[in-house]
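Asker: Between the sequences and the hints, there should be enough to build the whole structure, so can you do that?
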Amino acid sequence: MGERKTVLVSGASRGIGAAIAVDLAAAGYDIWLNYHSATAAAQAVAERVVAHGGRCTLLPFDVADAAAAEAALLPLLAETVPYALVHNAGVTRDGVLALMPREDWDRVLAVHLDGFFILARMLTKLMLGRREGRIVAIGSIAAETGQAGQVNYAAAKAGLIGAVKALARELGRRNILVNVVSPGLIDTEMIAGLPLEKILPLIPLGRVGRVEEVSGVVRFLLSDAAGYLTGQVIGVNGGMHM
Amino acid sequence: MDATKTKIKEILVNDLKLQGVKAEEISDSEPLFGEGLGLDSLDAVELVVLIQKHFGVQIADMEEGRKAFASIEALAAYIFEHRA
Chain A
1 MGERKTVLVS
11 GASRGIGAAI
21 AVDLAAAGYD
31 IWLNYHSATA
41 AAQAVAERVV
51 AHGGRCTLLP
61 FDVADAAAAE
71 AALLPLLAET
81 VPYALVHNAG
91 VTRDGVLALM
101 PREDWDRVLA
111 VHLDGFFILA
121 RMLTKLMLGR
131 REGRIVAIGS
141 IAAETGQAGQ
151 VNYAAAKAGL
161 IGAVKALARE
171 LGRRNILVNV
181 VSPGLIDTEM
191 IAGLPLEKIL
201 PLIPLGRVGR
211 VEEVSGVVRF
221 LLSDAAGYLT
231 GQVIGVNGGM
241 HM
Chain B
1001 MDATKTKIKE
1011 ILVNDLKLQG
1021 VKAEEISDSE
1031 PLFGEGLGLD
1041 SLDAVELVVL
1051 IQKHFGVQIA
1061 DMEEGRKAFA
1071 SIEALAAYIF
1081 EHRA
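Quick note, the sequences are listed as chains A and B, same order.
With this note's numbering, letter number 45 in the first sequence gets 45, and the count goes up by one each step, no holes.
Position in the second sequence (from 1) plus 1000 gives the number in this note's numbering.
No lab work stands behind these hints: they were computed from the structure.
In this text the structure is predicted, and so the values were computed from the model without any measurement.
Careful, some of the hints might be misleading.
As the list claims (entries may be wrong) - Straight-line alpha carbon distances no greater than 20 Å define the calculated EDC-like cross-link-like pairs of lysine to aspartate or glutamate that follow:
#1 B:Lys1053 with A:Glu79
#2 A:Lys5 with A:Glu79
#3 B:Lys1005 with B:Glu1073
#4 B:Lys1017 with A:Glu132
#5 A:Lys5 with A:Glu132
#6 B:Lys1007 with B:Asp1028
#7 A:Lys198 with A:Asp187
#8 B:Lys1017 with A:Glu170
#9 B:Lys1067 with B:Asp1040
#10 A:Lys165 with A:Glu212
#11 B:Lys1022 with B:Glu1010
#12 B:Lys1017 with B:Asp1040
#13 B:Lys1053 with A:Glu70
#14 A:Lys125 with A:Glu70
#15 B:Lys1005 with B:Glu1081
#16 A:Lys125 with B:Glu1063
#17 B:Lys1007 with B:Glu1025
#18 A:Lys125 with B:Asp1061
#19 A:Lys125 with A:Glu170
#20 B:Lys1053 with B:Glu1035
#21 A:Lys125 with B:Asp1015
#22 A:Lys125 with B:Asp1040
#23 A:Lys125 with B:Glu1073
#24 B:Lys1022 with B:Asp1002
#25 A:Lys125 with A:Asp114
What the hints assert, rightly or not - Just a sample of chain B residues kept apart from chain A, beta carbon distances all over 12 Å, derived:
#26 Ala1003
#27 Lys1005
#28 Thr1006
#29 Ser1027
#30 Asp1028
#31 Ser1029
#32 Gly1034
#33 Gly1036
#34 Glu1063
#35 Glu1081
#36 His1082
Unchecked claim - Partial chain B-side listing against chain A, Cβ under 10 Å, derived:
#37 Val1013
#38 Asp1015
#39 Leu1016
#40 Lys1017
Using N, Cα and C, we set each Cβ at its ideal position, and we do this for glycine too.
Answerer: Structure (structure tokens):
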């Protein structure tokens, strides 16, 4: 690779986001690593990024807070326009809708959708002039199949699918490709405590996925080989949803 | 003022990569969008970024943009007015 390209990954201190940051570093990208509060975990990811030869800029801010995002990103954007945005930041606040506190609804929508709006708006404004770019939002099988106890999370992830498809149409003629990667059950702390013995029979591959099996798809979507792929929802779910 | 107009035309041709248009062929009065030069809404966003970069002038919203992008003449006047 000639000039190193930069990718902003949101929510990259843990789980799938961390794997994406490391995988992309191994593929030759520099990483702007956003996280909210897990500083020690983020620093550990940054070390792995650097070990793979990538530069890593730690960006601690709440993606739902526009002022915080601007304070962190605008100085960097004056120097560098990222090639890609991977909006992975997400939270769950599970519970049946009838008993769901309003703040659990608001927070889950804010991190996923306000976060996408804030980051994608700031970056695409500058990516337009480059005539190339990639945006990947991390969705969830919960948005495609529905999941009891996750009305907020499913709504937020489904919202990302609509946003991505609309944005893919908006930016297609500037060669900026926008897609969703929609993981099923992946081995992260987010699925700790689930009754796997009941769930595994529903998965044709008979196992949960590894974070590298999600990050590898993101890496592909950022590659030249994925140059004709936009507006799609790529399921990475072991066949659990087809 | 004339220098500003020339600079704007160069930005349009070089940075917005207008196909088959030469800077000296762009008239001062023709509309930049729709009929006229035929720029679109994404060009408008790019132009906002470029005007800020080259002239340090911020076009805050598309309401302002509509006035500023009426023509080369209007844009040059807008830049002249708002320059620090």
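Asker: Run every hint past the structure and note whether it holds.
Answerer: Tested hints:
no., hint, result
1, B:Lys1053 with A:Glu79, "holds (12 Å)"
2, A:Lys5 with A:Glu79, "holds (13 Å)"
3, B:Lys1005 with B:Glu1073, "holds (7 Å)"
4, B:Lys1017 with A:Glu132, "holds (14 Å)"
5, A:Lys5 with A:Glu132, "holds (11 Å)"
6, B:Lys1007 with B:Asp1028, "holds (12 Å)"
7, A:Lys198 with A:Asp187, "holds (16 Å)"
8, B:Lys1017 with A:Glu170, "holds (19 Å)"
9, B:Lys1067 with B:Asp1040, "holds (15 Å)"
10, A:Lys165 with A:Glu212, "violated (25 Å)"
11, B:Lys1022 with B:Glu1010, "holds (9 Å)"
12, B:Lys1017 with B:Asp1040, "holds (13 Å)"
13, B:Lys1053 with A:Glu70, "holds (18 Å)"
14, A:Lys125 with A:Glu70, "holds (13 Å)"
15, B:Lys1005 with B:Glu1081, "holds (14 Å)"
16, A:Lys125 with B:Glu1063, "holds (17 Å)"
17, B:Lys1007 with B:Glu1025, "holds (13 Å)"
18, A:Lys125 with B:Asp1061, "holds (13 Å)"
19, A:Lys125 with A:Glu170, "holds (12 Å)"
20, B:Lys1053 with B:Glu1035, "violated (26 Å)"
21, A:Lys125 with B:Asp1015, "holds (14 Å)"
22, A:Lys125 with B:Asp1040, "holds (14 Å)"
23, A:Lys125 with B:Glu1073, "violated (25 Å)"
24, B:Lys1022 with B:Asp1002, "holds (17 Å)"
25, A:Lys125 with A:Asp114, "holds (17 Å)"
26, Ala1003, "holds (23 Å)"
27, Lys1005, "holds (22 Å)"
28, Thr1006, "holds (21 Å)"
29, Ser1027, "holds (25 Å)"
30, Asp1028, "holds (25 Å)"
31, Ser1029, "holds (26 Å)"
32, Gly1034, "holds (17 Å)"
33, Gly1036, "holds (19 Å)"
34, Glu1063, "holds (17 Å)"
35, Glu1081, "holds (23 Å)"
36, His1082, "holds (19 Å)"
37, Val1013, "violated (14 Å)"
38, Asp1015, "holds (7 Å)"
39, Leu1016, "holds (9 Å)"
40, Lys1017, "holds (8 Å)"
Checked against the numbered hints listed earlier, the structure breaks hints 10, 20, 23, 37; every other hint is satisfied.
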